[in-house]
Amino acid sequence: MTDFPTSIWPALLVAVPITFALGTVFFAAAGRMWSGLAGSVATTLVSALAIAAAVREGGLIHHLGGWEPPLGILLRLDPLAAVFIGMTALTGIAVSFYAASYLRSQDDLPRGASLFWPLWLMLWAGLNGMFLSNDLFNLFVAIEVVGISAVGLAVLSGKPPALMAGLRYLLVAITGSMSYLFGVALLFGAYGTLDLTLLSAAVEPGATTVFALVLMTLGLMAKSAFFPLHFWLPPAHGSELPPVSALLSALVVKGSFYILLRLWAEVFGVSLTFAAGQLIGVCGAAAVIWGSWQALNQDRLKLIIAHSSVAQLGYLLMVFPLLILAPGTAVAVASDWTSSAWTAAVYQTLSHAFAKSSLFLAAGVIVIAAGHDCRESLLDLVARRPMTAFAIGLAGISLTGLPPSGGFFAKWMLLKAAIASGQWWWAPAVLAGSFLTAGYVFMILRLAFAPGNSDTENRPVPRGLESAALLLAVASFFIIVPAEAVISFLESSAPFGSAIVPGEGGVLP
Amino acid sequence: MTLQQWLPLLILISSLVPGCIIFLLREEQVALRTVLNLGGAVAKVVLVAWVFLAYRAGETFAFDFALAPDLTFSLRVDQLGLFFAGLSAVLWLVTTVYAIGYLEGAPHRRRFFGFFSMCVTASTGIALSGNVVTFFVFYEFLTLATYPLVVHRGTEKAVNAGRTYLWYTIGGGSVLFVAVVGLFVIAGPVYFGDTHVIAGLMEENRTMMTVLFFLMLAGVGVKAAIFPLHGWLPVSMVAPAPVSALLHAVAVVKAGAFGIVRLVYDVYGVELASSMSLLTPLAVLAAFTIIYGSVRALFQDDIKKRLAFSTVSQLSYIALGVAVPGVLSSTGAIVHLVHQGIMKITMFFAAGNIAETYGFHKVSQLNGIGRRMPWTMASFTVAAFGMIGLPPVAGFVSKWYLSLGAFDAGSPWVVVVLLVSSGLNAAYFLPIVYRAWFCEPDGAEVHKLCGPANLETRAFLLAPVVITAGFSLAAGIFAAAPNSPLTFARQIAERLYLP
Amino acid sequence: MNAMETYQIYLTASAVLFTTGLAGVFMARHFFRRIVATKIMGAGVFLSLVSFAERDALEFADPVPHAMVITGIVVAVSAAAFALALARRIHQLTGEHDFTTDS
Amino acid sequence: MSVWIDILLATLSVALAVRCLTAPTLAQCVFLFFAFGLTLALAWARLGAVDVAIAEAAIGAGFLGVLLIDALRDFAPAKEATVEDAEGYAAGGSAAEGSAAGVPLRAGRAALPLLPLAIAAVVFVLLTAEAVLNVRDGGGLTELAQENLARSGVDHPVTAVLLNYRSYDTWLEVGVVLIALLAIFAVGNGGTFARRDHVTHDPVLEPVSRILAPVLFLIGGFLLFLGKYEPGGAFQAAVLWGAMGILLYLAGWPVMTCLPRVWWQVLLTAGFGVFMLLGLAFMSGGGAWFEYPLAHAGNLILLIETLAALSIAAALTAIFAFFHEMHAPDATETPEK
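Chains as they are written, first to last, in the numbering used here: chain Y, 1 to 509; chain U, 1 to 499; chain S, 1 to 103; chain G, 1 to 337.
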């Protein structure tokens, strides 16, 4: 890990979006848009170059302030971080263009809506910081940057339901991060370091580690809206401005998942047991079924999509039991399925990020066109807005996991890991999840094919909005194509592929 | 890779690309769309014929492409796949002609023909799939491509039918998915025909392999409409006639039936499957479905619904033939893939013609229709006789081989099932034939029937039905000819039982 | 009691404060109290950090936890101020002061 | 003897916290919270964390307390509806409406779920205390921080951690303040303030502010400078300067509108922006982000601290002003920031 060469790219991944965020503050609404767009483009470029450099070198690091851990903070751009940063950049640039067009074309937005730009660029920097950080406390600060700017974005519409949902979200976020920080305090007290790498070497089984594990896991689960701490998500994502819903559902919840995954695989392995994994897995299975069922029973499009997030995040939780080895299993044997489980985690994250943001953007188009997002707004969509309907179809297919989409690949890997590890009992949950997901996806498509009432409004929608939704849908569908390359890049460095051996920690086969 | 290696892919592209272009066309570009449709369909037939000739000459075809880790997209050509691909290609050409005539002037034709092409792409994809994963991909793709066709009319009835169709097919797809993954974990990427791979793994994983067999059977059984998974088929007959033809004869149900054939013959191998007594449950289910479908068909007044239940029944002939081991049964099963297809498509075309020309949907409205539509009803009659199993129509050949095979395998009860079924077939098809030819038109209908017309209906509608009826007859009369479906089926079956 | 060192007393208090705050976040109804409860939770966390710093003291206390706490306090106050602004705005627009009417 | 002071402080802080959450009125809640913050500050002073004590007293209790008090103007009227409350109780417990102050905890509705909750809480406390008390001694970073002090450019270890070893955290934290400010603007009117053209000075605060504001400014500056050697530094200074801003604002000075828009923008972003850019500027020599050449480190850190303190102070003032004007949304608005 530390043998990666030092580079300035990790620093720029945080500094560039923030520079532009500060720039946007100086402009009025129109200028904010242009400077914000410039910032998005610049950040995307930096992300692309940084990822290219990481691919070339295997990974990059940056010692902030020139100090070595444990005194200083290390930024680590390893393959896993690179993939998440890439996901953020692709979603981010598409949503940025959508937002530019959206904010300009909508005239019923409050005056503060142009604050979208500084808040979003700060959020982007915070996310990049989260993926790069190798330091527990710095992660806390990054979590807060992300959390506060996310809630700030969530309440931009200024409408009471959004404010209410935003406050609930904020309280959950604060509680979650305090819980996380308590865990950090315990670990620091016990091991005298905040650096993940040093900590993973120092950590020992025992009550402190277990308690920190529980606190941090619960805190991060709340922030990621993992079942049963998901209650805040549907009202929040259902009431935000469409580009914000897209960003929050695609990226923000993934940030805390990323930290959780890293902590479990790198730090807490010694204190984890097979049963702990099963418990998390059960939460995941319950989320898949409960969330999908709730989505099926919603009347408003955005609420369907929001509840679907709860379900799709459940698949991510189901990865954890597959990473933890049952007592007596050899790591070499387990490499068969741990690698699949990691692939499932990454691909589910990616495909959900793209598919869900595409769906929210498409929902935004529908709201503009019809004036609302009740079921009637979908009628005859295929004829009225074929591009949006196609985007919903593609994204929906990926969400359902039908071949040969990105979502299919994720579910394939998840099922494969479940069956190969002998934990076949996750298969019915995956199966039921796909079945119910198909239910609500095709409920939307069914309405889209049904003939419309003559009184359904069809106001003009800027073309760019539809293109952004389609772009993300296409991305979600076709990320299966570079899978081979992505996975071999990921496999080049821990923690990807490592199995969690209870009592020992993460072990690479 | 020589050009010939790309041929399997070209077969797919010949319908995929026209389909994609059609989506991009404007609604009113009728001429271009028609050219694309027919061009694609003709090209597909030519390509299949080319591949067939090359295959005959000893050429092998393998197109492999690693889509993602674990997922190798593989197209292979073998006799069985080619057989099914040929059926799809020929019937697609006929159905395209029919659909162009049927939907003349209807709205949303761009969408219709786009998905129509996707549908056939999927079904030829299923035919040419080299491994289980590729088969699964196309199997699901078929579901997606047919859904818009089922709900095409957008009426409440159509939309509800679409919902039922989806619940069944997605459910089946999910089960198949789990089974395919399970098979992959145990056996790696299973290529069709490599039955020794599974046989070699049998010892250690007996229970698992049995479970997987039935999971996969349930997965493909949904599309093959085996009881109790048949519920979607009668409901989705609300779709336009060409779609029904496609669903019932070419693409969907055939994909299911073909799946069963592949599963038993090319994944597990017929010897292994019968030695593990996996086939008995299948035989019993199939036999039950045959009788059940026929009985239900008796009580339908709606023509298309009667035909739909008849399909449920007829499809299980294939499953039954597969479930009874032996060369003759297998021949009967495989040849019935084609025979059922050409006969049933004839009947749906005929029903569509009647509905399109006179607006009749009920059996009870058909009195005297044969006089106004002699060609259509003659074709229908040929197909009906075939379904009943009267010589010299194709259906007789299938039933004959199935019965011989049953005796061979020592399961005479199968023959009883076939006989009962034939009786029932006669009981629900003959009344239609009788009404059409021998009943006087009712008063209300007389007026309509006397409308002036040179042809009984549009040429685009009439030609396909006559052609497919001709196929049905020819397949029966020339069953022994060197290039008849029966000959091919027999070759395929014999190869299965080579030591 | 003399066996107990100063930092242990405060550690115990930190545990109680954290729990009190956590319970408050879930059980309190009024926005206002929930926000205060998050602050109390935070105070518990910060107290534990400072206590650890005192435990690890040589000639002076461990500066890293101190810095963490200062950073943490500023962050927590920023978040709380934002929450308070939200709560006030909701109250202005709807007259609500708790989540009872929301979903 | 000294142990008893600690026990007293610890017990008191817990008692205040519990009482604060269960106080019958919101006003009591705020004042108990205030007292809680001060108790905590004392506790931290006892633990040798003077920097933290100042920060907590100033920001945690002081600034947030002021905001809470200001918020009372919105929420407090709810508690006056005591008659309705009584009726609500009499009617069978639909006391949820208009009685939040009267029923502080949700359990007030029905006592039954309280018991398992209480048991759960006790178990949780015991578990937490057990876990916390038995944390093995990881040794901390005291020694390392001390060893490298000479290379940090400052003499006070906490300042060294904040502005050198872990300056990235501190930088992000300055960012959090700015983000919170932007988010608060997003909640309301997009960041507009009433223009006080007709200066209406508060008769009491105006003379006080004339004396106190310069004093606050000087003490703040002193604390800032002191941070290099002793407890103190940017945050503490920022709060004093912020307090100065708030005082001036309350006294009726046109704080938020006296400067042109762009100056406010510069003021609010300078700390965060310059902090970052100075860090980046010295990377050209092959160094890392936030790595300063030793010869200039002390001065650079002082510069960064000054700007950060100014920005935070400006943000605190703006947040307060925003809060204050929230109460009167129909005031004449003029776009700001």
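The hints are simulated quantities; they were obtained by calculation from the structure and are not laboratory data.
Be aware that a few hints might be false.
Claimed, not checked - So the derived list for chain U, only partly shown, Cβ under 10 Å to chain Y, looks like this: (1) 141; (2) 144; (3) 148; (4) 166; (5) 181; (6) 390; (7) 458.
What the hints assert, rightly or not - With a straight-line cut-off of 25 Å between C-alpha atoms, the simulated DMTMM-like cross-links for lysine to aspartate or glutamate are: (8) 304(U) / 440(U); (9) 157(U) / 376(Y); (10) 228(G) / 143(G); (11) 157(U) / 64(U); (12) 159(Y) / 70(G); (13) 157(U) / 299(Y); (14) 159(Y) / 98(S); (15) 362(U) / 104(U); (16) 157(U) / 271(U); (17) 159(Y) / 74(G); (18) 159(Y) / 204(Y); (19) 304(U) / 104(U); (20) 362(U) / 271(U); (21) 157(U) / 380(Y); (22) 157(U) / 104(U); (23) 159(Y) / 143(G); (24) 157(U) / 440(U); (25) 228(G) / 147(G); (26) 362(U) / 408(U); (27) 304(U) / 356(U); (28) 159(Y) / 96(S); (29) 228(G) / 68(Y).
Built from N, CA and C at the ideal position, the CB exists for glycine as well.
Here is how each hint holds up against the structure:
1. 141: holds, 7 Å
2. 144: Holds. Min distance 6 Å.
3. 148: Interface hint status for residue 148(U): holds (7 Å vs cutoff 10 Å).
4. 166: OK, holds: residue 166(U) within 10 Å of chain Y, min 5 Å.
5. 181: holds, 4 Å
6. 390: violated, 42 Å
7. 458: With a closest approach of 26 Å, the residue 458(U) hint is violated.
8. 304(U) / 440(U): holds, 22 Å
9. 157(U) / 376(Y): Measuring from Cα to Cα gives roughly 18 Å; hence the hint holds.
10. 228(G) / 143(G): holds, 19 Å
11. 157(U) / 64(U): Violated - the C-alpha atoms of residue 64(U) and residue 157(U) are around 42 Å apart, more than 25 Å.
12. 159(Y) / 70(G): Given that 25 Å is the threshold and the Cα spacing comes to 23 Å, the pair holds.
13. 157(U) / 299(Y): holds, 21 Å
14. 159(Y) / 98(S): With a Cα-Cα distance of about 16 Å, the restraint between residue 159(Y) and residue 98(S) holds, given a limit of 25 Å.
15. 362(U) / 104(U): Holds - the C-alpha atoms of residue 104(U) and residue 362(U) are around 23 Å apart, at most 25 Å.
16. 157(U) / 271(U): violated, 45 Å
17. 159(Y) / 74(G): holds, 19 Å
18. 159(Y) / 204(Y): Status violated; Cα separation ~49 Å.
19. 304(U) / 104(U): Satisfied, since the Cα-Cα distance of roughly 21 Å is no more than 25 Å.
20. 362(U) / 271(U): violated, 46 Å
21. 157(U) / 380(Y): Distance of about 16 Å is within 25 Å: holds.
22. 157(U) / 104(U): holds, 22 Å
23. 159(Y) / 143(G): violated, 53 Å
24. 157(U) / 440(U): At roughly 33 Å apart (the allowed maximum being 25 Å), residue 440(U) and residue 157(U) break the hint.
25. 228(G) / 147(G): The given pair, whose Cα atoms are some 17 Å apart, holds under the 25 Å limit.
26. 362(U) / 408(U): violated, 42 Å
27. 304(U) / 356(U): holds, 13 Å
28. 159(Y) / 96(S): Given that 25 Å is the threshold and the Cα spacing comes to 14 Å, the pair holds.
29. 228(G) / 68(Y): Answer holds: residue 228(G) to residue 68(Y) is near 23 Å, not above 25 Å.
Of the numbered hints stated above, those contradicted by the structure are hints 6, 7, 11, 16, 18, 20, 23, 24 and 26, listed in ascending order.
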